[in-house]
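Peer 1: Listed here are the chains, written in short residue letters.
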Amino acid sequence: MPLNFAQPAHPSGWTLVFLAWLLASVATLGALFLGEVMGYTPCVLCWYQRIAMFPLVLILAAGLFPYDPRVTRYALPLALVGWALALFHWGVASGLIPEQIAPCSKGVPCAVEQVVWFGFLTLPMLSVAAFSGIIALLLLTHYKASQ
Amino acid sequence: MKKTLFIASGVLLLLAFLAGALYFKSEQANQAELLAGQNREGMLREHAPQLGPTAAKVRIVEFLDPACGTCRQFYPLVKAMLNANPDKIHLTLRYTPFHENADQVVALLYAADQQGKHWEVLEALLAAQDDWVKHHVAQPGRVWPHLEGIGLDLAKLRTDMQAPAIRQQIEQDLADAQQLNVSKTPEFFVNGKPMPSFGEEQLRGLVDTALASEYR
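Top to bottom, those sequences are chains A and F.
Its first residue numbered 1, the first sequence is counted upward by one per residue in this note's numbering.
Its first residue numbered 1, the second sequence is counted upward by one per residue in this note's numbering.
Just so you know, the hints here were simulated from the structure itself, not pulled from any lab data.
Treat each hint with caution, since some may be false.
Claimed, not checked - Pairs of lysine-lysine residues, derived as BS3-like cross-links and limited to a Cα-Cα distance of at most 27 Å, are as follows:
1) F:Lys57 / F:Lys134
2) F:Lys57 / F:Lys184
3) F:Lys156 / F:Lys57
4) F:Lys193 / A:Lys144
5) F:Lys3 / F:Lys79
6) A:Lys144 / F:Lys2
All chains should be modelled from the sequences, with the hints used to inform the complete structure.
Peer 2: Given below as structure tokens:
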């Protein structure tokens, strides 16, 4: 079977789920690197986003072998919840959502940015981007399968 | 083909993670050694409790929180190394009360030091840690029963531990720890060198290397 990268204009459903898995894996390992290697303590909202992201690595992998387009049904709820949390976190961290409504005041505050890369890139932003990518890929998979 | 791609990606990601972790840890150790070299006086304050002969050439500085379980686990190891090399190793303790309310217990230890009973009290407290640390919060009120039989003047201890001088010592300890990037306990520096990574073996290796190079 030829590699699907040969025709990037029409990636197969498998490739889409594979890319989503790749994205979830990178996000998971990235979160683990920040937490376990660099020693940043995750705030409460980060933990909830981790709860949504980590299982995606396993669920999406299970949908790859054998390929099952219905993996979207099982993965999408997690991705959507994670995306909503990430968006909320982004709002708290950038001050759009006032701190009183933020659920985390003790321990590690969610409203403080621990990491800022290149002067603008923060962790909640990366989280929103990762969940958005996964959602987009899963929706494309669903669309392809229903054609 | 798909399986190969999947497995290769997984292995590649994990390898990247491990390589990154190794690189980061070694950089961190270099950084810590550099910092320790620049902050010699921040490592050794006059008020810090010390054990062993001053002439010893292997000098361990330990940052310790009496409420920290891992510190309790490491304590016998450090003690054993000191006992095995009675005239070669010197230990300085720096208190970093990171646990909630642990600062009051450190104040008590400093007050006990004024009565010459610091190490006895520390050992009694570590042995009874489960009783006075609940869910990672120190409960200074539960410490007192464990001080019986050490021969302390408890009334004096209660007054002494409130002294502003002791509060300042603890603040100095915490400021020094921050300066040296010590954010977890226990942290050890052996002749200014931190552990390459965290573990009993690593500490033993560090001390053995220092012993070998200072007393060949």
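Peer 1: Could you run down the list of hints and mark each one as holding or not?
Peer 2: Taking the hints in turn, this is what the structure says about them:
no.	hint	result
1	F:Lys57 / F:Lys134	violated (39 Å)
2	F:Lys57 / F:Lys184	holds (26 Å)
3	F:Lys156 / F:Lys57	violated (36 Å)
4	F:Lys193 / A:Lys144	violated (58 Å)
5	F:Lys3 / F:Lys79	violated (53 Å)
6	A:Lys144 / F:Lys2	holds (19 Å)
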